[in-house]
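Novice: If you're matching them up, the sequences are chains Y and C in order. Throughout the first sequence, residue numbering follows this note's numbering, covering 1 to 662 in sequence. Throughout the second sequence, residue numbering follows this note's numbering, covering 663 to 968 in sequence.
None of these hints come from the bench; they were simulated from the model. Only a predicted model underlies this, so the values are computations on that prediction, with no experimental measurement involved. Some clues are possibly wrong.
Heads up, simulated SDA-like pairs for lysine to any residue below, C-alpha to C-alpha not over 20 Å straight-line [what the hints assert, rightly or not]: (1) Lys329(Y) <-> Asn829(C); (2) Lys237(Y) <-> Glu744(C); (3) Lys538(Y) <-> Ala692(C); (4) Lys702(C) <-> Leu560(Y); (5) Lys237(Y) <-> Glu713(C); (6) Lys702(C) <-> Tyr564(Y); (7) Lys347(Y) <-> Arg97(Y); (8) Lys329(Y) <-> Ile926(C); (9) Lys315(Y) <-> Glu744(C); (10) Lys237(Y) <-> Arg712(C); (11) Lys702(C) <-> Thr411(Y); (12) Lys329(Y) <-> Leu752(C); (13) Lys329(Y) <-> Lys714(C); (14) Lys39(Y) <-> Arg712(C); (15) Lys714(C) <-> Thr443(Y).
Taking CB as the label site, the calculated pair distances span [claimed, not checked]: (16) Lys834(C) <-> Ala458(Y): 53 to 59 Å; (17) Gln750(C) <-> Asn46(Y): 32 to 38 Å; (18) Lys315(Y) <-> Lys719(C): 30 to 36 Å; (19) Pro705(C) <-> Arg652(Y): 50 to 56 Å; (20) Asp500(Y) <-> Lys719(C): 29 to 35 Å.
Virtual Cβ for every residue (Gly too), placed ideally from N, Cα, C.
The residues making up each chain are set out below.
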Amino acid sequence: MLRLSSHFSATLTLALLLAMSLFCAGCAASASNSGFFGKTDPPRENVLRYVSGSEPESLDPQVSAGQNEARLYMALYEGLIEYDPKTSAPVPAIAERWEVNKDYSEMTFHLRQNARFSNGDPITAADFVYTIRRGLAPEFASTNAALAFYIKYAQAFNEGGVFVFDPASKTFLLEKDFLPGEEQPATQPALPLSSQPIESIAAEYPPIPEEKSPDADTDFHRFMHSPPRVVLPGDEKKRNKALDADPKLKAAIAGKQLVAVKAEDVGVEAVDNYTLRVSLAQQAPFFISLMPHQFFRVIHRGTVEQFHSSWTDPKHIVTSGPFKLEAWKPYDRIVVVRDPMNWDASKVKLDRIVFYMLVDNTTMLNLYKAGELDAMYNHTVPAAWLEVMGSMKDFMDAPEAAIDYYRFNTTKGPTKDIRVRKALNMSLDKTALANWRHVKPLTAFTPSGIFPGYPQPAGDPFDPEMAKRLLAEAGYADASGKYDPEKFSASEVEMITNPDGNNLTYADFIQAQWKQNLGATIQIRVMESKTFYAAQAKLDYKGISRFGWSADYMDPFTFLGLFYTPTGNNGTGWWDPKFVELLDEANRTVDHQKRYEILAQAEKLMLEAQPIMPITVGTTRWMKKPYVKGMYPNATTLIPWKWVYIERDQSRWDYGVPDMTE
Amino acid sequence: MLRFIIRRVVIIIPMLLIIVTLTWGLIRLAPGNFYTGERKLTPAIEQNLREKYGLNKPWYVQYGRFLRNIARFDFGTSLKYEGQSVNQILWRALPVSAALGLTAYLLALVVGITIGTLAALKQNSWIDYATMSLAMLGISIPNFVLGPLLVLVFALTLFWLPPALWNGFPSKSVILPALTLSAIYIAYIARLTRSGMLEVMRSDYIRTARAKGLSERQVVFRHALRGGLLPVISFSGPALAFLITGTVVVERVFSLPGLGNYFINACFNRDEPLIIGIVAFIAVAVLVFNLLVDISYGFIDPRIRY
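The shape of chain C in the complex, shown without the other chains (with noise of 0.2 Å):
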């Protein structure tokens, strides 16, 4: 076990140094500079500029610096918003997207879980269609449809809301944008449930649980969610990732503060320093929960190990 982690671990530095430098050359593919814009610069001013933020000096050099600074966890300083350091940004927009995205994948566990297992237990009841059909409908209404119209509802007709912005967690702010967020979450998670609950209430250790005389309530919760539940840990560990390391676009429907809506306009912005630092911060969580989760198997269920 010990050693599977270490071997993981290892692995995430050259993955990491992969994606960055991937991230590096890509936004020097891209046309334009951070300071192109509709108004055109006279020559010695992009001169200036250029000197300014060293961009002037061969690739190597950039590149050398670039991985000098990574190694030592500084991503360099914004180039769109002076003197702004991107660990200061990172910092300041990670719990936004972390509060909302926890908010978000819990709701969705608990809802998620709870309408599978239901629906499950169930099978081919109105209860199975009924939460399967809404579920259909979490998948394919995609999240700028369903945010708007939440908003609609909740914000601009009955105004028990606020239709955008955030006002620090918990606050009423954080409902709508939870919720938008999470559906497609719930959806998945309550397929994901019922198909594996499905699959492990007609396995023979349930039978044995049966058997043994326990009550119905103690097989399900004590041995059948404990199988039943493995393919929703797969698909959740990831998807926590993504959650809390910013949304682009709930953020942008409703105007938040977090890291999603950040990372997109540094790209518009072609604010390399915090493009990476962003990518880099998203690459580290997706590794760290795929192996938090590869982990968390051996303990879930006795069959796996390391």
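The following block holds chain Y by itself, in its conformation from the complex (with noise of 0.2 Å):
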């Protein structure tokens, strides 16, 4: 016994002398690169080995709507328009100008003639209006359809609605003969210039010199510019429902028919060959910021309907971006080659980029540090290891726009009461959280600092003092009227969240926060993400659940929107029809620092009502080698690919974040 035991304590010596040297081998390569993070040789070919995230649901860029995916769309697809490299904000891509009208309710493309997809097929105003059609097919059942319905009648055609037609007259019922708040017609505020009768182009659009506009006097255009008509649900018992709701339509529609809304309804129309006019249902300033978004990216009709949804696969794929698919190994890369055939091959400088679809942080640093990846996506250096990396020279950090927030159940429980809410949201200090984290904090519900020009409000400073007397008022309060931690339900309160990122260190320090600021301690759930999700949709939770948003578009109204109905993104139960009419207004307001400022007083009311409660704005935090040019750290995290190099001049690379604001 004695004897063994001498053997395995040499033995267990052994090991441990082996542990700490691997663990100081450990130091001694984190060291030996100083300033940047691993090796730093550029490949040897003209080659970007990238990280696309998890795998890709599909190569179609009109199915899916996730991050990873938009990385390998935006290299195998173009659409009219392309992110900044820097700002994000619209750049010329397959069209090469645009017009607005007056009001933003019809935008006209024009197209460059010389764009092409990769088996050498031109791509013309007819491809975008095939692209969006498919894209809103209530068959195709795309996720990311919602994004299309500023398009005349869009929704109603992915829906399955029904036009009402009356055989008597031979015309269409009317949405304006039946609007609910018909009593006082005054305060309706007059239809979009898209859907009033055509008084002339000119008048419409602000001329062009030396330009011949498109022609107006089409038969569509028409249709687009005539009053918008009653859209009611293809469904017969949702049908039912809605006209029960409204008996005028109901004694009016008896003995019309009912008429489904067709593809051939949705307000895309190719004017000619490189003439596209897309009319809107409303006025939509912030439409054109939209139109790099996958959904709208041009697909080819011909491989589409040979092919159906096998299209993809690489022996069939046609695609339209500066880069082309060579290979798709499922869980492992996709590797796309320049297309000779796009219209900008020029000045496409990579010959390959490899996407691997790797998840794991850790992984993906690795595989950095060993110089066998040139750069990774947004937020993939893990907050713990932030103190380390945050001073390397080929960290990326910028602010992103992106938002973290918890959300309230205003439906029930203590939270359904305001003075609870604020005075769980006073008793955060955000700063404290953002300082340990390396990020921003925020107070309002907008990613501050993102859009220039924003006037935006600010929400409830840090004050537990104020925080404790409204609870008092709220009724938590002992004989003499002061807040008693004990009378706080707490227990009728919980956070839930998904355990993914950075959530859990999040929620651990709320509810320290919470503890030490009221004294009182609530409880964290945790969810598994598919579960967790569900039972947010459902406001099926008490009191407090994590969100996060980023950017769909680069305007405030990608956020603000999120509460502009009940459900959907809402998750709170929180609606305020004077907030909906505040952006509605806003919408309408041609002048860009006006709409700001009624945007600014919308998320102002918001925050009053305090639906949320605010904490961090996003940051990129990604890694990138420093001869990897022409790819920053934009506020959307989405890199238009063309732009990107590899430098072999040591004296151009990037010793830090690159300038953004050349």
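Assemble the dimeric complex from its two separately framed chains, guided by the hints.
Specialist: Shown next as structure tokens:
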């Protein structure tokens, strides 16, 4: 026995020595490359090795909504408009220019004539019409379709709606005859220009010298410029329900025909081969910034119709972007090569991009350090590593158009009381949290510092004393009227979150703050992601739940619009028609600054009701080797690949975050 | 023997049916759906999706269709990966897992049996203690710790081997994952071999063999190993099934496109056809390998007859 233990201890010592030498070896490796994380040898070929994230659902740009897919789609497909690599503002792509009518309800895109698909077919306006109609088709069931709902009759088509046709008068029933608020018709805002009769193109569009305007007098254009038709649900049960709520309409449809809304009714028109006109159902000044989104990137009709859902198979796929598909090894890598057919091919600098489908941050950082990856996507440096990585010259950190916040359930429990919501918000020291996590605190709802000129309102400051007074007022007080933590029914409130990313560290911190500042212990409940989303969607949570949002396009409306409807991505149960009215008014406002001011008013109104607790503004947090140029930590963290290149001259490398203002 | 095999093969069918039905039911009990995400869909879009995938039909219709497809070995199309059939995914991911699993398996058998035998033959010597302590370490260090440690040394310090990714088989990228994967199996097999051999070496027929004047080498390799390896064989059959059908942790740590990686993601994605396809595949593999082990007993140990 004694002999065994002495041998055993010898082995143990050996093992410990081995472990220690491993540890020191690790230290030596990170200390040897001062300033950068790991190797800085550029790849021999003109190739970028990048991580795209989890396996793409599909290479069909209209199928998936994720950022992991967006990274690939931006290489393979091009839209009318592209994101600027630094500011993410819209810049010309297949559309070389565009015009917007006076009230932002109609746009005309002029396509360049040398744009081609990867098989050499020319890209025309008809391809964009096809793409948008297909994306909206109900049987295609795109999860992104809602992005196109600003287009006239797009929502009606996607939801399988019907028009009401009167065979006697050969006309369709019009919305304006059945407005719910018709008692005060004077307050109804005028219809957008896109729904008024065409006076003349010149009256609607600013004049362009030496340019012939597209034909305004097409049948379709006149149809678009007529007052909106009544649209009813196609499903009989839902339709009857809608009609029961509106007796006047119910009476009016008796004996009328129901006509299904068709793809051809959606407000996109190929005026000629290279002119595309889009009519919107409402005024939407932000619509142009939505155009680079993957949903609107053009696909090849012939290939889709021939191969159906397998058209993205590497054998069949035809693409429209600066790169085309070379190889797709699922769960491993996707390789794209420069497409010589692309109109801008001479400016595309990389020969090839290899996208690895990786999800584990440590694996990514290992590959990056070993020099097998040249760059990573946003949020790939874990918060716990920031102490070390934050000072590296290849660490890309910049404010992101993304926010972290908690939702309050305003429909039940203690958080139904606005004073409780305000108190919980005021007793969290967001600055302390932000400093600890190397991010920026957020007291309002839109991300601060992202939209230049936007007069963002300030939310409530950190004020635990005020918070206690509010809670005392809300009834959590002892006999003398002072706040009593014992009375606060913390058990009726819990924070739910999914375990992804830094959510747990945030939750722990917030829990500790409330314990410290209010003396209340609010339990954290961690749920598997899908379970968590399902609970949030049904408002099936007690009090507080985590959420985050990143911009779909560069406009405050992408955030404020979350509360445009009581359902959908609202998730709080709070909804105020006054808020919606302000948003509508803002979008009817042509003057940019004036519009921002109205949006800010809406944001203020919402913050006063406190349906959410803002926490932090995102930061991009990723790594890029110094020799990778033309790639910026922009606010949307979407990289247009055609401007990226490998720089071999060390004097032109990036030693730090590249300048994004020049 | 033949009757035994036929009986066992026939039993596989109802077993499989129970397994896939249970899986089918469990997926339905889990909250959320394949399209549930951080961003809520509008009800109409959700409706369009449910219609597209036949989820708005009553459960018995869905179950009937499911059984019909299973009977034809058609697991359908993945819900998450548009246009990819489950069979396609299985055949693509299996070679990766199988190549990795087989390498690890062979490594485990060769190293495990060798050091186990050595330890048994030199019982209570320093070789015995050293190998058995290492085996203890191998069993107690989980592979999600061992993998990153190996990566730290061989990929990030010495820069000899890639830290992750799959570059085909054979290639340098197989070495670290195979080592990580095999560690625990080496350890188990070494311990099993040692105890099996120790028991056999004391038995009468070994004494007989020695008495016949056979050399020690012949005693060990011709007589002792056959008996001493029985516990190893009953362990290694199911082990092989699990190894080649994908190992979640190692495939995750090294980002390999194998079945294990697909499986864990399919669960997170609630990708029903893919989950059921992989579960059924693993179930068949485990059942078949168990059968093979039982059959092989008959050949290795003359005392066992069916």
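Novice: Identify every previously stated hint that the structure contradicts and give their numbers, smallest first.
Specialist: 2, 13, 14, 15
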